[in-house]
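Peer 1: Kindly generate the complete structure, drawing on both the sequences and the hints.
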Amino acid sequence: MLEQSVRAVMQKASTNRIEFLTENLDASHFSDQEHFRLFQDYLGKKYAGQKLDLIMAFPSGDYRLADELPDVLFPDVPVVFVAVNEMEVPEVISKHGVTGIVQRFDLRGTLGLIMRLQPDTRRVMVIGGTSEADRATLGRIEETAQSLEGIEFEFWTNRPITELTNAVKSLPEGTVILLSTVQRDVTGQRFFTSQLAQMLAPSASVPVYVLGGGAIGSGALGGVVVDPEDLGTRTGQIALRVLGGIRPEAVPIEVATKGTPMFDWRALRRWRIKESRLPANAVIRYRPETLWEQHRDLILISLAVFLGQAVTIGGLLAQRRQRRRAEAEILNQRVELAHVTRVSTMGQLASALAHELNQPLGAILRNAEAANILLQKEQPDLEEIRAILEDICKDDQRAGSVIDRMRSFLKHRSLEIKSLALSELLRETVALVETDARARHVKLSLQMPEKLQAVRGDRVQLQQVLLNLILNGMDAMADVADPERQLIVGVETAKDGNVQVSVSDCGTGIPLEKAKQIFEPFFTTKPNGLGMGLTISQAIIEAHGGKIWGESKDSRGAVFKFTLPANKK
Amino acid sequence: MNPASEAGTVFIVDDDASFLKSVARLLQATGYNVLTFDSANKFLHQLVPGMSGCVLADLQMPGMNGLELQEALAKSANPLPVVFLSAHGDIPTTVQAMRRGAEDFLTKLGPKEKLLDAVKRAFARGARERKERGQLEELRGRFDALTPRELEVLEHVMRGKPNKQIAGDLGINERTVKLHRTNLTRRLQVQSMAELTRLVEEAGLFKVGKAE
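Heads up: the sequence lines are chains A and B, in that order.
Note that the numbering used here numbers the first sequence so that position 253 is 253, with each residue one more than the last.
Note that the numbering used here numbers the second sequence so that position 49 is 49, with each residue one more than the last.
Certain hints may be false.
Cut-off 30 Å, straight-line C-alpha distance, at most; resulting in silico cross-link-like pairs (DSS-like, lysine-lysine) [what the hints assert, rightly or not]: (1) K120(B) <-> K42(B); (2) K443(A) <-> K553(A); (3) K394(A) <-> K114(B); (4) K443(A) <-> K42(B); (5) K377(A) <-> K114(B); (6) K553(A) <-> K516(A); (7) K443(A) <-> K75(B); (8) K377(A) <-> K42(B); (9) K75(B) <-> K178(B); (10) K547(A) <-> K561(A); (11) K377(A) <-> K131(B); (12) K274(A) <-> K443(A); (13) K394(A) <-> K12(A); (14) K131(B) <-> K112(B); (15) K394(A) <-> K161(B); (16) K46(A) <-> K12(A); (17) K377(A) <-> K451(A); (18) K75(B) <-> K42(B); (19) K516(A) <-> K443(A); (20) K394(A) <-> K42(B); (21) K547(A) <-> K451(A); (22) K561(A) <-> K526(A); (23) K561(A) <-> K443(A); (24) K516(A) <-> K526(A).
Keep in mind that the hints were calculated from the coordinates and are not lab data.
Peer 2: Right, here's the structure in full:
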């Protein structure tokens, strides 16, 4: 990564094409003298007669063994190195023709980070190596650790790494692992820090912090490290300056101490550390691409389609709700209108009802007065007084029942469909208009078969229809000579099993040309008529699943009929 | 305060059995003789000329209603005063009933004092009218005693004709006319022409015949 960054910055800045040749000493794995001798021979022969402009050294491992290679093989070629660990910086840096960058571990930063993310940390396990550079780093860690109070530092340097992989599995809470460099462990084995992190971190029971950026991505949580990209860029810039003709001695060796807090997203998740707790400049690596990043266009299109659908569905729902509301409103208005016409029907009956109510009330009053007089006598006739009181009670109930009848008819209510004895309803309705009929000199009769099927319907609404038809019939006979004023309410079972009710008068009949209009709203032949009676009646009967119609009789007058479905059980 | 001392009966006519009974109780308790009928027809059938008192009638009844009863009663031999009791009276009916001579028009829920007062007045009126009817009958009886010829002469006299013209009109002797006049004044027990004229008016004779 470091090398890639260097190349990128150099290629980008240079007008000439730069040819890069890479040789890998691999000093970390092969550190014996023979290896270096062979490598030196190989390079010497390979590049004999070649003109090199710059040697870039990326020291790693036991660089000391190779630090003389450039000097021996390419004495006059400038060298730019970049060392990620100051302990690896060779002695040669003081020589002429050499410059570069040394990254110093930001120990204070990393330890600060531990305290920041895991404030309850009591113990830091430092895993280090036995090489000279390893020990130098450990020394620095020890030095820095002294400034942190209340935290115990334990250095695991003299145990083979293989043993440590087991030991880290059961570390107690409040402990963290700080992975230093292990160029060589106690058994002489050599490791890259990233390799080491991979061996230890995944199975460790506590988070692993590292000092170098290269180890991030191998299971370690993170640390304040050198950003290889940033370091590479800066190295590339120095290389460009040297290539541009500036003598390396003139370019001071840069010591970079400031690191970047860098984390492995997966490890953050594993240790449940919220991103909000990280320093503001933290870099999080290995964050999986979000769905958004992977499928941006698809998501956008899907979202647009979804939104479109949602808007359409929302629109349809709103429309449906409006329609529902309108339907409810219509139903409500029909109930309301039925109530209004009932009130108006009752208004027509008001004087008859007042009469009916005044009869018992009058009787009660006279009885009470009579009793009062009887009581003032010397020897009151107690039997008579008792009889009077009984009569008063009877009349009181009679008055009450008149009011009940009226109220049940006028009550504001919604539809109540149930099984209904039609004969009872007919008798009751006829009783309601009887007084009125008498006052109008109308002979009112009810013709019913002995057995009549029950129907399904709303009592009050059906009574309303009956009342409407009866009152209409009586109105139609206003101009007819007294003896002929006959109104017959009949009921019979039709052939299809339905029940058919008829109200027949001897009035003026229905003129043919008006036969169709009579059920229309606001059609009326009466001076004070609302024109709603038959309209409402029709609505009620149709709501009950029946039909209503009117016709002129052959003889005289009109007959209105309606059917109701029989209550089939 | 016992009105029962006045001989007479309150005839109560109402189709509402309960109300009929209650009013009867009240009036009985007050001291009246009471007879109750649940229809106008039944009452009219049982009414005889000698009965006195008043009628207490409901207005709305099946069959013959109150106003029809009033009408029939007025034409009868015993036109008793009528007090109407209505559960719910309207103005046109009230006016009609009063014009036809009803003693009063009360609602069934009205105060008992009004009812008793109306019955009392009706009784008094009934008695007065009966007395008047008696006088008239006595008067008419006197005229009934005249011969047809004497009545003829009286009619002409009332038209202010002189004896001579009467004799000419009737084709009889003037002396005979004078004889008839003497006879009829004696039978009618009048002393003067003025007294005769008053008597004829009181008896209600010749009222229509004047234009002839």
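Peer 1: Work down the list of hints and note, for each, if the structure agrees.
Peer 2: Status of each hint after checking the structure:
A hinted pair counts as satisfied when its Cα atoms are at most 30 Å apart, and K120(B) with K42(B) qualifies at roughly 24 Å. Between K443(A) and K553(A), the direct Cα distance comes to roughly 18 Å. Compliance with the 30 Å bound is thereby established for this hinted pair. Distance hint between K394(A) and K114(B) is fulfilled; the C-alpha atoms sit about 25 Å from each other, no more than 30 Å. Between K443(A) and K42(B), the direct Cα distance comes to roughly 20 Å. Compliance with the 30 Å bound is thereby established for this hinted pair.
With a C-alpha separation of about 22 Å, the suggested pairing of K377(A) with K114(B) holds against the 30 Å cut-off. Among the hinted pairs, K553(A) with K516(A) is consistent with the structure: their alpha-carbon atoms are about 16 Å apart, no more than 30 Å. A distance of roughly 28 Å separates the Cα atoms of K443(A) and K75(B); the hinted pair therefore holds under the 30 Å criterion. Note on K377(A) and K42(B): the hinted pairing is violated, with a Cα-Cα distance of about 34 Å set against a maximum of 30 Å.
Using a Cα cut-off of 30 Å, the hinted pair K75(B) and K178(B) is violated, with the two alpha carbons roughly 40 Å apart. A distance of roughly 8 Å separates the Cα atoms of K547(A) and K561(A); the hinted pair therefore holds under the 30 Å criterion. Restraint check: the Cα-Cα separation between K377(A) and K131(B) comes to about 35 Å, which exceeds 30 Å; the hinted pair is violated. Distance restraint check for K274(A) and K443(A): the Cα-Cα separation of roughly 95 Å exceeds the 30 Å cut-off, and the hinted pair is therefore not satisfied.
For the hint pairing K394(A) with K12(A), the CA-to-CA distance comes to about 116 Å; that exceeds 30 Å, so the pair is violated. For a cut-off of 30 Å, the pair hint linking K131(B) to K112(B) stands: about 29 Å separates their Cα positions. For the proposed pair K394(A) and K161(B), the alpha carbon gap of about 73 Å is over 30 Å, so the pair is violated. With a CA separation close to 28 Å, the supplied pair K46(A) and K12(A) stays within the 30 Å bound.
Our distance criterion of 30 Å between C-alpha atoms is broken by K377(A) and K451(A), whose separation comes to about 55 Å. Of the pairs offered as hints, the one joining K75(B) and K42(B) holds, with about 17 Å between alpha carbons and a cut-off of 30 Å not exceeded. For the hint linking K516(A) to K443(A), the alpha-carbon distance of about 29 Å falls within 30 Å, and the restraint holds. Distance restraint check for K394(A) and K42(B): the Cα-Cα separation of roughly 26 Å lies within the 30 Å cut-off, and the hinted pair is therefore satisfied.
A threshold of 30 Å between alpha carbons decides the hint, and for K547(A) with K451(A) the separation of about 22 Å falls inside it, so the pair holds. Only pairs whose Cα atoms come within 30 Å are accepted, and K561(A) paired with K526(A) is accepted, the gap being roughly 21 Å. A threshold of 30 Å between alpha carbons decides the hint, and for K561(A) with K443(A) the separation of about 19 Å falls inside it, so the pair holds. A threshold of 30 Å between alpha carbons decides the hint, and for K516(A) with K526(A) the separation of about 17 Å falls inside it, so the pair holds.
Hint compliance for this structure: hints 8, 9, 11, 12, 13, 15, 17 are not met, and every other hint is.
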